[in-house]
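Chains B and P are the protein sequences, given in the same order. The first sequence begins at 185 in this note's numbering and counts up one residue at a time. The second sequence begins at 114 in this note's numbering and counts up one residue at a time.
These aren't lab readings, by the way, just hints derived from the structure by calculation. Mixed in with the good hints, there may be bad ones.
Said to hold, decoys possible - Lysine-lysine pairs mimicking PhoX-like chemistry, simulated, CA-CA at most 20 Å apart:
hint, chain 1, residue 1, chain 2, residue 2
1, B, K253, B, K242
2, P, K183, P, K170
3, B, K226, B, K252
4, B, K242, B, K226
5, B, K226, P, K122
6, P, K184, B, K290
7, P, K170, P, K196
8, B, K290, P, K170
9, P, K127, P, K170
Unchecked claim - If you want the ones that stay clear, here's a sample from chain B, every Cβ over 12 Å from chain P, calculated:
hint, residue
10, K226
11, Q229
12, L240
13, F247
14, I301
Yeah, the Cβ is synthetic: ideal placement off N, Cα and C, and Gly gets one too.
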Amino acid sequence: AQSVTQLDSHVSVSEGTPVLLRCNYSSSYSPSLFWYVQHPNKGLQLLLKYTSAATLVKGINGFEAEFKKSETSFHLTKPSAHMSDAAEYFCVVSALPSLIIQGAQKLVFGQGTRLTINP
Amino acid sequence: DGGITQSPKYLFRKEGQNVTLSCEQNLNHDAMYWYRQDPGQGLRLIYYSQIVNDFQKGDIAEGYSVSREKKESFPLTVTSAQKNPTAFYLCATTTGRNTEAFFGQGTRLTVV
Numbered sequence: 185a186q187s188v189t190q191l192d193s194h195v196s197v198s199e200g201t202p203v204l205l206r207c208n209y210s211s212s213y214s215p216s217l218f219w220y221v222q223h224p225n226k227g228l229q230l231l232l233k234y235t236s237a238a239t240l241v242k243g244i245n246g247f248e249a250e251f252k253k254s255e256t257s258f259h260l261t262k263p264s265a266h267m268s269d270a271a272e273y274f275c276v277v278s279a280l281p282s283l284i285i286q287g288a289q290k291l292v293f294g295q296g297t298r299l300t301i302n303p
Numbered sequence: 114d115g116g117i118t119q120s121p122k123y124l125f126r127k128e129g130q131n132v133t134l135s136c137e138q139n140l141n142h143d144a145m146y147w148y149r150q151d152p153g154q155g156l157r158l159i160y161y162s163q164i165v166n167d168f169q170k171g172d173i174a175e176g177y178s179v180s181r182e183k184k185e186s187f188p189l190t191v192t193s194a195q196k197n198p199t200a201f202y203l204c205a206t207t208t209g210r211n212t213e214a215f216f217g218q219g220t221r222l223t224v225v
């Protein structure tokens, strides 16, 4: 079975300092991994995805993540935080449902990490 | 503009009533999903549909029902059997395996 653990429920950083949001996963096969961002009362927006190509993945808004198979981790980083980065972040692994027709998939979500940016 | 439209944005329900949440997409994606979001619990899968006229239960299907009569539409009904329906509901689509999901803006349902 697949699972995702986001190691911090809340991270607070100062504007202009680096951001690190930690994510560990477990999967019985080579997974696809995603990071999404959610602003209050909004849907989820994809930041970046890993699908077995390059292990260092660059996303939107200056975010990137590194897939480390040996550590089963997919941590999200950004060199310099901006006030607009304040939001909820979700690490997600793609799990295959028992029956696959037309390519549907089951996504397993982490609990989320709330990122606060201090001025 | 291609995308996913959920309506209404806010919905209030009296105890014992059924309500239906709308989800429409013009992305031409085959698979559609309904998720429930509660504070501190991430997203949990309610139902998903891989093709028209087919749908499967997710992890928390009790008290919910869906239909998929058209590729573009995947409405969710929250029935009176759902004991704690107050939550934020998100509809999503995918276009194939190992691809990202696209999300609507959500419907916040409150029982009054």
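Tested hints:
no., hint, verdict
1, K253/B x K242/B, "17 Å, holds"
2, K183/P x K170/P, "18 Å, holds"
3, K226/B x K252/B, "30 Å, violated"
4, K242/B x K226/B, "23 Å, violated"
5, K226/B x K122/P, "10 Å, holds"
6, K184/P x K290/B, "19 Å, holds"
7, K170/P x K196/P, "18 Å, holds"
8, K290/B x K170/P, "11 Å, holds"
9, K127/P x K170/P, "25 Å, violated"
10, K226, "6 Å, violated"
11, Q229, "8 Å, violated"
12, L240, "18 Å, holds"
13, F247, "14 Å, holds"
14, I301, "20 Å, holds"
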